[in-house]
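Colleague: Using the sequences provided together with the hints, build the complete structure.
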Amino acid sequence: MKKLKRLSFNTKCKLCLLPSLAGTLLFFVIPYFRVLYYSVIDNQFRRNFVFLDNYIETVQNEYFLLALLNSLILIAVCVPVLIILALLISLFLSFGIRKLKALRASFVLPMVIPTAGIVLIWRTVFTDTSTPLPIYLLFIWKNIGICIVLLTAALTAADRSVYEAAKLDGAGSWTLHRKITLPMIAPTILFSVLLSIVNSFRIFKESYLFYGTNYPPDHSYTLQYFMNNNFLRLDYQSLATSAVLTSAVVFLIVLCGIFIQRRYNR
Amino acid sequence: MKKIVFTVVMIIAAVIFILPVIATLALSFWNGGEVSAEGYSDLLFNCFVFYPMFWNSVIYAAVITAVQLVVIIPCAFAFSQAKFKGKGLLFTFYIVLMMMPLQVTVLPNYIGLRDLGLLNTAWGIILPMIFSPFGVVVMHQYMKSTDSAIIEATRLETNSIFRIILTAVVPQLRVCIFAVVLFVFADCWNMVEQPMLFLNDDSLKTMSVFIVNAADYTGHVLFPASVIFIVPVFLLYLFFSDSLEKGLTFGEIS
Amino acid sequence: MKKKAVLIFTLIFFAVMLLLTLTARSIHNASIPHVSARRLTNQIFTEEFADENGDMQTLKRYSLAIDRELYESGNIYVLTQTLINGEYRDTARLAHIETGAEAGRYIEVISGLNPIDRIITDAKGELYDGCEVVVVK
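Residue numbers (the numbering used here), protein chains in the order written: chain A, 1 to 266; chain B, 267 to 520; chain C, 521 to 657.
These are computed hints drawn from the structure, not numbers from a lab. Please note that the accuracy of each hint is not assured.
Claimed, not checked - Keeping only pairs whose Cα atoms sit at most 27 Å apart, straight-line, the calculated DSSO-like set for lysine-lysine is:
#1 A:Lys101 / C:Lys522
#2 A:Lys12 / B:Lys410
#3 B:Lys269 / A:Lys101
#4 A:Lys14 / B:Lys349
#5 B:Lys351 / A:Lys14
#6 A:Lys179 / B:Lys410
#7 A:Lys179 / B:Lys268
#8 B:Lys353 / A:Lys12
#9 B:Lys268 / B:Lys349
#10 A:Lys101 / C:Lys523
#11 A:Lys167 / B:Lys351
#12 A:Lys179 / B:Lys269
#13 A:Lys167 / B:Lys268
#14 B:Lys268 / A:Lys14
#15 A:Lys14 / B:Lys353
Claimed, not checked - If you want a taste of the chain B side facing chain A, the calculated C-beta under 10 Å gives, among others:
#16 Ile277
#17 Val404
#18 Leu448
Glycine residues also receive a C-beta, built at the ideal position from the N, C-alpha and C atoms.
Modeller: This is the structure we're talking about:
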């Protein structure tokens, strides 16, 4: 105990990191190296080292490519729509009529509704499955809540005095928001974008229940289906390889996000 | 004029978003073409497996949320206060980990749990979720907007790091803690894949699994179960909603 | 004020769920028939028949017997276990019995029942094929 007291503040701070780091190492990092190992051997029993063969096979697999493409399209289409919609709604909720603030609950509720019941309703409303639109709408419906919570909070915290001053100078409400509000809440917007991308990968459960099959129409066959089917077939090599490839894609997306932010700040 | 149009559009949008929720509520009282509470009696008085699953969900979500707070507050505090080489890199790693889709993290989780012999135990659900990086990232973002002068002042008074965290950091982080509690609880409450993949025994599974498999049970249990499923998270949201509005801002990422 | 209301509602919700958890099964059991059940016995039955010479012969058989009173009281239900909502529960199955010889208060059962079957002898409440029951000791 005495020893602990003599430690410097900095060391103690570092010790505070330990529990979180230990858990992360134990459940994410160390097993991830196992996954990496699985991705370069030929099978679980023979364990021959095949280097990049699994990767070449996966990259040449047309279903993997289709799945990757669909996942990226989902992000490219839905995330901007989601963010713009959430931004408009939160702008209105913060700067519009006060009494309407209660409306926020109706946007936030979908976040916590269990999907199984909703999917039944979705199925009766959207009978046409020739486009991925139902899934896109389900995604936006489900994820707008968290973005609105984050964005309205940021807007509420934004400095109103700057805003009032600009208004007195005669700036229109559009210019006002574009020039003042937007930069103030930019970090929150970026955070919402990242979070939405994370959640776009989570839409599998809903999609799976909606189509009720492991092989949905081509336009909705996303990476999660590909991995789930590998999980069902217990094809560890393919699973490990696609997990590594997917994590590489996500890694690139995050780097892009950070890069954009650094540039924007300069 | 413009305001009225906006208001009407807003109300319509709100109604569209809330419609599936209302439909869930309405359908739970709809049985074979007439209004009745039969679905509820089918669920509550004939489907006893529902109860352990309900309490499992409550216990998992509560334990995960509580322990996660204990783990992430010191961790986020350390990220903002400690000085060491590679801190930025480590934090970037947390962001990358947060971004990883479930399908990517589930496999390492599964392998880690298998090696520790924790598959098919409650720990298999609880432990990996405790260390999910989301809370650390959010908390650290918020930590940037806290007043470091208070922390400095407390440092002069006490040497104990836990005292500093409890008296100087936690009160400032109040709103963020509420937000994290809400999101983490909702996330645990909604998880389906982990219980399905990590657990075999029905007695350990959660209510979300019950709802996915609702078709296996007799009677119209799906919508009544969905309504009960919504209640706890909705109450939690109502409880925190005022505080959340008071300000939850984020600094720049990394 | 609002927080207080939410807190009280939360408490009520969990209290009701706890109460239901503890009482749901007994409430359910109160609404279904209570029955008593027992195994059948074996009895000696004699049958007379004419052999190829036209002489009367008697044959003694030791076989499954059902009480005449029980048999004549209506449908015979057998206690079975059925998987309902993820657990095995006692249910009543309607037995289609074929009877043979008679001996005193017993009737021979030729088919439709097994020696290990437990027969419902007494039921409080209406029974039907496949209905769930509570067995009283």
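Colleague: It remains to establish, for every hint, whether it holds in the given structure.
Modeller: Cross-check of the supplied hints:
no. : hint                : in the structure
1   : A:Lys101 / C:Lys522 : holds, 15 Å
2   : A:Lys12 / B:Lys410  : holds, 20 Å
3   : B:Lys269 / A:Lys101 : holds, 15 Å
4   : A:Lys14 / B:Lys349  : holds, 8 Å
5   : B:Lys351 / A:Lys14  : holds, 11 Å
6   : A:Lys179 / B:Lys410 : holds, 24 Å
7   : A:Lys179 / B:Lys268 : holds, 21 Å
8   : B:Lys353 / A:Lys12  : holds, 15 Å
9   : B:Lys268 / B:Lys349 : violated, 53 Å
10  : A:Lys101 / C:Lys523 : holds, 17 Å
11  : A:Lys167 / B:Lys351 : violated, 46 Å
12  : A:Lys179 / B:Lys269 : holds, 21 Å
13  : A:Lys167 / B:Lys268 : holds, 18 Å
14  : B:Lys268 / A:Lys14  : violated, 55 Å
15  : A:Lys14 / B:Lys353  : holds, 10 Å
16  : Ile277              : holds, 7 Å
17  : Val404              : holds, 8 Å
18  : Leu448              : holds, 8 Å
Taken one by one, the earlier hints fail for this structure at numbers 9, 11, 14, listed in ascending order.
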